[in-house]
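> The residues making up each chain are set out below.
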Amino acid sequence: MMTNPVLELRDITKSFGALTATNNLSLTVMPGEIHALIGPNGAGKTTLIQQIYGALKPDSGQVLLNGRDLTGLSVPARIRAGIGRSFQISNVLMDFTVLQNGIIAEHARLGQSFRFLQPAFSNPQLIDGAIAILDRVGLSSRADTMVSDLAHGERRMLELALAMAASPSLLLLDEPMAGAGPDDGQRMTEIIDGLRGDVAILLIEHDMDAVFRLADRLTVLVEGSVIAAGTVDEISTNQAVKTAYLGDED
Amino acid sequence: MTLTLILEQTFNGLQAGVTLFLVAAGLTLILGIMDFVFLAHGAQVMIGAYAAAAITQATGNFFVGLGLAIPLTFASGYLLELLIIRHLYRRDHMEQVLATFGLILFFNEAIRIGFGPAAIYSDLPPSLSGFVEILPDTPYPAFRLGVIGVGLIIALGIHLFVSKTRVGAMVRAGANNPEMTAALGVNIKILFRLIFATGACLAGVAGMMLGPLTAVQSGMGEPLLILSLVVIIIGGIGSVRGAFVAAIIIGLVDTLGRVFLPSILRLFVEQAAADGAGPALASMLIYILMAVVLIFRPTGLFPAKG
Amino acid sequence: MTGLLKFFGLVHAGISDNKFLWLLIAGFAVFPIVTQLVDLPFWNDVAMRIMLLGMAAMGLNLVLGYGGMVSFGHAAFIGIGAYCVGIGQYYGLMNGWAHILLSVAVCASLGLVIGYLALRTTGIYFIMITLAFAQMLFFLFVSLEQFGGDDGMSIDRAEFLLIDLYEPLRLYFLIWVMLAIVALLLMFIVRSRFGVTLRAIKSNESRVEAMGLVPLHFKITGYVISAVICGLAGSLFASWQEYVSPDIMHWTRSGELMIIIILGGLGTLAGPLLGAIVFLLLEEFLPLMLGALVPAYAENWMVLFGPLLIMVVLFGRGGLVGLIDSKILPHLGLGKTAVK
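As you go down the protein sequences, you meet chains A, B and C in turn.
For the first sequence, this note's numbering gives the first residue as 19, with consecutive numbering after it.
For the second sequence, this note's numbering gives the first residue as 3, with consecutive numbering after it.
For the third sequence, this note's numbering gives the first residue as 703, with consecutive numbering after it.
No wet-lab data here; the hints were simulated from the structure.
The reader is advised that the hints may include incorrect statements.
What follows is a set of in silico ranges between Cβ atoms, one per label pair, in the way DEER data are often shown [as the list claims (entries may be wrong)]:
{"id": "1", "chain 1": "B", "residue 1": "Arg-88", "chain 2": "A", "residue 2": "Arg-86", "range": "48 to 58 Å"}
{"id": "2", "chain 1": "B", "residue 1": "Asp-94", "chain 2": "A", "residue 2": "Asp-153", "range": "28 to 38 Å"}
{"id": "3", "chain 1": "A", "residue 1": "Phe-134", "chain 2": "C", "residue 2": "Gly-794", "range": "56 to 66 Å"}
{"id": "4", "chain 1": "A", "residue 1": "Ala-36", "chain 2": "B", "residue 2": "Val-169", "range": "29 to 39 Å"}
C-beta: ideal position from N, C-alpha, C; glycine also.
If we strip away everything but chain A, and leave its shape as in the complex, we get (with noise of 0.2 Å):
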């Protein structure tokens, strides 16, 4: 392939003290792709993302994000690099409306967060850019309602609104499904693949159904080193991963 990777991890290594929660990984996420990191608890799936996200530092190794190297940039300076992110707990501003939190992702976005005289929550231009962002997970009906009052699962939308509020080149995604009950999850899984094509993303996923569904690639991660990586088809025949990880599934 001759197109460029969105992301390119360079032999990323992590230790906590004794234990290596990333060892000599590299991976690359090409556009548009959903790229699916699987692996059992404690693989170091979200100690990854951390370090890609900029939260946790690797002690050696690269992060480049469109070629641009970001090792030892702040977390604020990768999201306008062009990352975002959804966590794996909701992360969203609970004491304000769905709309509210558009509006700051707006602003935020907009790099217009340092005024200080217009009321920011009747101004039409952030409202229109706000609805916006909360009509790609379908939530703007849901504008006025206070994020404390949602429902989890459209919690979760939200979160998703407001990573991608930025329209990021690369949107990290830690277990999106989450606490999820059916119904959110076939919501989320469709939402998620509409954004197929216009995104990378790195999705960290349990539920499984969905990562086949949704996965163009799968990198399957046991103790901190990449065990095998391909497509579905590939990873689900083979078998090194059954017994490492799809074997010990409960």
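Could you slot chains B and C onto chain A? The hints should help.
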């Protein structure tokens, strides 16, 4: 700047340090384990000092005063926790600041009503008012030496208790993770109450030992409270070991700084400037120290492992 | 459970909070007429103190209520503002506007430095480091013999161009105008993009970070603004009191500011001013009430005030603004505050 003066002031600094430790030891656990901002800890010092002074005056015997005041301060801490404090654990820090600030106002005013606004000065019994020669021709007040001794013994006791006993292990576990302690089947409510009462009692003992050295009066606890907060922050919230190290450092730095800093400054700047800046710098010294520690180690010197 | 913690900035920072604020400020404008009619000019003095403490509390509230930063050292900025007047006069700077400019400049720079250092920490550590910086400044002024040390220094009412503050009510209305300006500014700031970002940081710092913003920048900016407002209040305080001593920045005053805010309503515009009114009226009336019951103990009114504070924490929900909102307005048929 004679050797005698340095030695004497070092001992004074140690005495201030161990007293500070007694106040800070309980408070660091209250802040660390219970995550509770308790500003009225200084009032416990005052209650201890007043209890000892009043009973000593009534009975004419210093030791009876001490002996009765110790259980009294324990009881007062126990009651305070039972009546008010336990309702505040789940509140946020700001509300805790506010409520315990209210407690300070109440205790200080209650003491003023009960004992009048004037300070009480208590005399030492003859057996403790003598001097000990710490070096040939260097007499030092026996009582202050006794304070250092008692403080060190209590510090050792707390250390052994926290590091060697089962309850101490719970305290350490609690400092790290209250949920875990609860999961281990420890009755966290009783544990909290006992730690609180013990902390109050230790602060009270500090007050009793300070009584004969300073004026016993309403509001006497607050300067100590502020100092012990500095100690706790420097040592690391929830760390008894940190509180001890920091208390000794603060005691020494504060005492020696006030005495020697102006003369040290005189070596570098003109006398007039040194005399002006010396006391100012000396009184700011410990706060500067705390700010510096926090800037480089935002969770103190000995952060409790979390 | 923690009703006070609920984000009242949002629930209440709506139309009625604004209206309520301006109602109070309008009340202060006509108050001197009332005192004139009933011939009680002493109360003008109380009203000036209320406005000054209210202004400082409004400044602190930006950090405390809207930004969620529990600063326990804002009295230091009041003190610095006041000392800017005293020290300015000591060196022959008599112009009041110059004093105000000086206070604003000094408090802004000091706020920047302290904010930058203190905001590296969070939680209890932040409370304590702000306290430590305030204590540092307190002891600095205690030991500066040149400026009166412990005893403080007396101050002439500053000369404001075309305004002679020794004329009756001139100082009153100078303070009133400043209060109105501060209120207007805060009203804008709180609802602005900066303001809502600050409130968002209080609500969930990591989400704000995930939006590509650096929370520290907003927090420091908020901290500096609040320091400047406290400094302004302090410099007017100096003219009102005609005297300044380190007492003005004693740590208990930082506690008082917090009490005023929580009493009135955390994270509301009207709350700090309302809290200041109630706080200072309690200070005036509790001794009278106690004196009527037990004459010997009139001076010991704190013995009632302390438990009152504990009650406010245990049973108060959203302070007085919250109470008015949920209990009083509905009875008047005005309905609850709209979320705006």
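> For each hint, tell me whether it holds in the structure or not.
Structure-based check of each hint:
Between B:Arg-88 and A:Arg-86 the C-beta distance comes to about 54 Å, which sits within the given range of 48 to 58 Å. Look at B:Asp-94 against A:Asp-153: about 36 Å separates their beta carbons, and that is inside 28 to 38 Å. At roughly 36 Å, the beta-carbon separation of A:Phe-134 and C:Gly-794 lies outside the given 56 to 66 Å, and the hint is violated. Remark: the range hint 29 to 39 Å for A:Ala-36 to B:Val-169 is upheld by a beta-carbon distance near 31 Å.
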